[in-house]
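Trainee: Dock chain B against chain A, hints included.
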Amino acid sequence: MSQTQSKESSQVPDLSTDKTPPKEEVEEEEKPPYYKRITDDDLYRNSSQYRMWSYTADHLREKRSETCQRATEVVNRKLEEFVNTHQDELTEEDMKILKLKASPLTMDEELKLINFYSKKVQVIAQHLNLPTEVVATSITFFRRFYLENSVSEYDPKNLVHTTIFLACKSENYFISVDSFAKKAKSSRDAILKYEFKLLESLKFSLLNHHPYKPLHGFFLDIQTVLHGKVDLKYMGQIYDRCKKRITDALLTDVVYLYTPPQITLAILLMEDEQLVKRYLGMKFGKEETPEEGDIDSKKKDASAPDTEDTESKDKESTKKAPEDINFDKLFSVIEECKQTLKNSESVSTEEAKRVAAKNYYCQKPDILLQKLKRKKEATDLEDGEPTSKKQKLDE
Amino acid sequence: MSTQMITGTMDDYDDNKDMCPICKTDRYLSPDLKFLVNPECYHKICENCVDRIFSLGPAQCPYKHCDKILRKNKFKTQVFDDVAVEKEVDIRKRVFNVFNKTLEDFNDNLEEYNKYLEDVEEIVYNLDHGIDVEKTEEKLRTYEELNKQLILNNLERSKQAMENFSQRQQFEKDMKLKKKLLERQIEEEERFNKEWAKKEIVNRLSAAAAGTAGGDTNDVIEGVRNTVKLKKSSARRKLEELNLVLKNNPYFANTNMAGAGGAHPRSSIPYTPFNGDRDLHQRFALQEDKYSDPLVQELEKRSDYTASGFRSDYVYERVLTEAFMGLGCVISEERA
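Here the protein sequences come in this chain order: A and B. Using full-length UniProt numbering, the first residue of the first sequence is number 1, and each one after it goes up by one. Using full-length UniProt numbering, the first residue of the second sequence is number 1, and each one after it goes up by one.
Same shape as in the complex, but just chain B:
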């Protein structure tokens, strides 16, 4: 960032990106300089200047030859470097707040919906490029008046969807955190168990050696290991439960249902491009041993062909299929 800034100042001092053109303060002198723009004219003005000029009420844009009247509450930080992009995004935001119908509002009639979207795009384009601005604004206003209730409903709905989404994200985040904790716990327990088992085996063996000599070493080791295994499962069980919860996640289930039910109601049927499966009766039978095809047989021997998956039976099948594909179509009759 700093290097960028320096080169910037070196290259074009006059057109400095980090200097307010009104008060000429730059980032070098006040590091927390912030620029704001107003969607009326998109001229860049620093925060201090905005406070100074517009706190008493609406005033003219301080830029030369710009006679737009600006209000302080409309100022905002610029997101995109390119003013044209910033402007379009703003227009889009404004238009989509009004034209916020979804596919459901058209009873899933895709054609109508697409037409509607096209109309909206037209409005956005017109506003962005300054074509018939007054007319378009009028259109926007009348639409807003006419569809007030619908717009409100849709806004509510999208808000809810957003909330739902954020809730789900929060939920997943929490669950992941829990899972991580549990996993770490399990790891620690395991390490502890291992050490404990080692010690236990040594202890028992030494006790056995001190007492009667009849104790079987293998039996002792096996016994200790079994107790360790039993110990392990308590933390594991918790993790399994958690995984189960994650799997049956209500938010997940919702989205999955919507996806499966809405888009592919009949996903169980395999897709067939021509509305039917291939006829399995072929007009030929592949009999590789009977073919004498010097070219293909030559290629079959070459490693540069076989390495990339060359197989003579594929070749044979393809050319034979093509040989009988359309043999029965008599164009002069069918297309007459």
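Isolated chain A, as found in the complex:
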């Protein structure tokens, strides 16, 4: 017994002296190649949202025009084929109509249709009583899909339910296909038909950073930074109003152009400009040089925000934060984002209907001709001389 005891007692300190110190040394000395500290911004830069779904305004336009052009070519080719195969049956009048009415959508028209249907996705998803994040994700998925595909390739009508269903799954709000189909008054096959195509177009990146969480974060951080200077009840109201605005913002292009925190701040700016200015001024030091601004705010936070700035100012030059936020730059970005948000307008139902009809007819010229014929017949009947014209048409 005494032997075993002594063994144990001698082993335990051995372990501690042998193993732990080298570990620490290794961690400090042997860093993998290209080692660097990862800031929160770098984390975002690693996200799929930044890598795959963030564009500058020019890139976004380019991307859309590319997609549109691809679709236009297809539609034009089909139209040509139609004209060629039906050459004998088409009268000159028909050709004229075709030239006038059956033309592929322009980029702007496509965008209008997409915006209209994104709104529809939101309305339907909200009608199904889905959580806010699911609604937001379905809108995002839908808009991303039509960044990669054109409305003339895939009818947006068919994708509305698919995106909502996929969003439910990806946001961990599971509903079975059948019960979803029942609720949405759609069919299982219709929902699942484009699911893979949708996933493929999304490049299988399903995680979204929506501005809701940043809003919550800023809601809290404003409370600390402006502690005692802001009415909590008022903050709560602002929070609720901003939440609604975020959902609307998701229907615009800002999600591609700015990061979620920036969008959040822009929305807060729309709600209460003074509050945001004061907050950001305190946080990122409007007066200080850009390098010092960030640290300053941090120190302020750490040593209770009520204390005066002078105390922390002395120490701040010793350490340098890896990535700094310049107040002026941040503010200009936010201001820009706010303007983009303000400038985006919703699409009226009539306009959307017109575009959708155009989209439909340019793909199915035969139906367009039939419809026009029928219309003509109807007017002809009213005119009272149906037989002669009808014969002509039949020829």
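It should be emphasised that the hints constitute simulated quantities derived from the structure, not laboratory data. Treat the hints with care, as some may be off.
Claimed, not checked - Covered by chain B, per the in silico footprint, the following chain A stretches (three or more residues, Cβ under 8 angstroms):
#: 1; stretch: 36 to 46
#: 2; stretch: 190 to 204
#: 3; stretch: 219 to 229
Glycine residues also receive a C-beta, built at the ideal position from the N, C-alpha and C atoms.
Mentor: For chain B alone, coordinates are given in the frame of chain A:
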């Protein structure tokens, strides 16, 4: 097994699994019936028939419409029920006997090795599905001719590895057996010692009572117990030695070294997904007492949330992190 057999015979007599289609003998009449297949056509024939038909030399498969010439020495027992699986396994065995390079042969170039494996899979697939069989066979043959020495070396190596493995297994088995024996021995000794101690105490106490009355009972009991403890250790020591041997097991050491040295040469460095640790400078400071968040504070009070690990500071930290995550990324500049 027997019930299965009976239902089998009841259900589909014609397609009987336990009857030889050639001589119509079934398991009911000869219980030690055995079926063999030939990798040429995979038709099932009973052992007796194989002996009868093929002992005089190669002959045609007795199945109707099957004109394959079969040899007796190629017959084997079927391992898998599904003939397709059996066939693929055979093909694989054959191909891998020839294409037996390992990662080491490619100087640990994973890409090359993967490419090689892909090629091998292609050959297996082609042979299995009857695509370009002649061409593929030709490929197999030429490769075999060209790489004869390498193939032999690799075969030797894998053989050795197998032997090593079986040796190690044998060693471990032996050691475990020894350990069990020792443990049983210790158990028995302990029981014996306990009984002996009981008796000894009674004896000594009675002797003390008979002689002078000054003997302390507690002292006597303590003395006996100590002698028992000393006795115990001899068997124990043996077991400890054995454990030590098991620990320093040469086979074990080998495998451990290979595992540690080959796969994780730098396992001492913690894994960091983005090639670096998180920056510890945060843009915010968590100050729970200053937050007024009715929603989170409400949830904190509910037992169904707290029971599953809900903590408000986690929520706060997460939303604050998200609030400052990407605040400094200016997309219009960075992605231009």
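Trainee: Now, for every hint given, state plainly whether the structure supports it.
Mentor: Evaluated hints:
Here's how the stretch 36 to 46 of chain A fares: 11 of its residues keep a CB closer than 8 angstroms to some CB of chain B, so the rule of at least three is met and the hint holds. Counting residues of the stretch 190 to 204 of chain A whose CB falls under 8 angstroms from any CB of chain B gives 0; the rule of at least 3 is not met. Proximity of the stretch 219 to 229 of chain A to chain B, defined as three or more residues with a beta carbon under 8 angstroms from a beta carbon of that chain, is established by the 6 residues found.
Going down the numbered hints, you'll see the structure goes against just number 2.
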